[in-house]
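Peer 1: Chains A and B, in that order, give the protein sequences.
Residues 1 to 104 in our numbering are what the first sequence lists, from first letter to last.
Residues 1 to 190 in our numbering are what the second sequence lists, from first letter to last.
By construction, these hints were calculated from the structure, which means they are not laboratory data.
The C-beta atom is built at its ideal place from N, Cα and C for all residues, glycine as well.
Please note: incorrect hints may appear among the correct ones.
Unchecked claim - Some, not all, of what chain A presents toward chain B, calculated at C-beta under 8 Å:
1) A74
2) A78
3) L102
Claimed, not checked - What the simulated footprint calls covered on chain A by chain B, stretch by stretch (three residues with Cβ under 8 Å from a Cβ of chain B suffice, anywhere in the stretch; the number is not a length):
4) 13 to 25
5) 33 to 39
6) 42 to 48
7) 59 to 68
Residues per chain, in single letters:
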Amino acid sequence: MLSIGLTHYLVVAAVLLCTGLFTIMTKRNAIGILIGVELLLNAANVNLVAFDRFREGGLFDGQIMALFIIVLAAAEAAIAVGICINVYKNLATVDVDSARQLQG
Amino acid sequence: MSLLVLLTASSAFGAPSDATGAAAPGSVLEAVLFYIVAGGVVVSALGVCIAQNIVRMAVWLFTALASVAVMYFLLAANFIGAIQLIVYAGGTLILLVFGVMLTSKSPWIRFEAPKLELVAATVVCVGLFLSLCTLLGRAAWESVDEATAGTSIATIGRALITEYLVPFEMAGVVLMIVMVGAAHMARQEK
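So that you can see chain B by itself, here it is in the shape it has in the complex:
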């Protein structure tokens, strides 16, 4: 949905875009799209932490993950955005929903935290956010604002089997061990 808006908006305004299709840095279109997507991320992240129902939390997590994926497209990281949608929103979230279904007698069951803990958590998290914002406001990043050409999937693929071959293979081994381990832990007792 958000991606559709992104695509139609960029074609409707006829804004200059670089090779990856991301909006040109510094344009009004980029700012408008950023605020829409960032608003989506913030609202759904707040939805996750406010929702009491575990199924609603999962739905809010889906919108948060999808908004973050659109944000990756805005950042000219098309491959990461696609992987975010496929692996996170398509795989991990389904796993979580299966976990919810397998571990609750009723999907509407609630676990309440004590009021004192809610207050303490709110103070800690709001304090952390405000201090992070103060820090970010003071930091002077030496960042470039030119349009990057974007990283093509071929470039990433080539880097994965040359420069990053060892971590790539290790990730494969880790995934296999995790698969065996998860199947072993969750198997039915004889």
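Bound-form chain A, shown alone:
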């Protein structure tokens, strides 16, 4: 228990993954779903950095990957907030259940 290894970090990432998934599945607010996606991306990042740390060779590919994931998460959040604002303008709510016009 006292020797912290790779598995400890992976379990923390698993907690982040499952809470993010739960948030996506249960929230009805579009912004809340976005917050769940951020948790999922953080779980991936923790995994990458932990594997990077406990790997032989002193390379840092995992950190570079984490860097690009952070960049893409910022881009994704910007686009998603733009979409949410547009949905709010059209429907006057961000409840994802009410955005069903595409179903025809």
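Given the coordinates of chain A, work out where chain B should sit on it, guided by the hints.
Peer 2: What follows is chain B alone, placed relative to chain A:
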């Protein structure tokens, strides 16, 4: 706050640390710090998924992101930790809070999910977590536990403009397109 605790704890105990300032692997200090930070991550992640209020969710997300940043410092990834704090906690979260403010008539508005869906989501997520833990318990990783020297910012910067030049430039293009696209989508109708 957590970072402050981390710094004061490492200086107070006088524990051996490597060049990056991270606690030495295998030390009691590393274990104590890990459990504190991991507890912070778990509590705030649970706070995000339990909170019904969107503003509270955003606050819990901030503590989760900050705890994950401290975890990166523990993993000797100082640059990623700093970027996590600057870009995620400083940029993305502010964007989300602006989104909350622009898309709700009142910040206290709630959207409830049906009870059946709550039960189903709980079963799926707890099942996924337990199976992941079983998997992780059985996996035998060939991991090294020596202290790595840590990656300096200069090394990462040099790699970004040599080995990873193409993805780096593509990220720049993607960010520019996203900026234009987001401004176009969210603009006021004439």
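Peer 1: Now look at each hint and say whether the structure bears it out.
Peer 2: Structure-based check of all given hints:
Contact between A/A74 and chain B, as hinted, is supported at the beta carbon level, the nearest pair being about 5 Å apart and thus within 8 Å. Residue-level restraint check for A/A78 holds (minimum Cβ-Cβ distance to chain B is 4 Å; threshold 8 Å). Taking 8 Å as the C-beta cut-off, the interface hint given for A/L102 is violated, the closest approach to chain B being about 16 Å. Note: the segment 13 to 25 of chain A has 11 residues with beta-carbon separation from chain B under 8 Å; the three-residue rule is met and the coverage holds.
Counting residues of the segment 33 to 39 of chain A whose beta carbon lies closer than 8 Å to any beta carbon of chain B gives 5, which meets the minimum of three for the stated coverage. Check result for the segment 42 to 48 of chain A against chain B: holds, 3 residues qualifying (beta carbon to beta carbon below 8 Å, three or more required). Under a criterion of three residues with beta carbons nearer than 8 Å to beta carbons of chain B, the stated coverage of the segment 59 to 68 of chain A is upheld, 6 such residues being counted.
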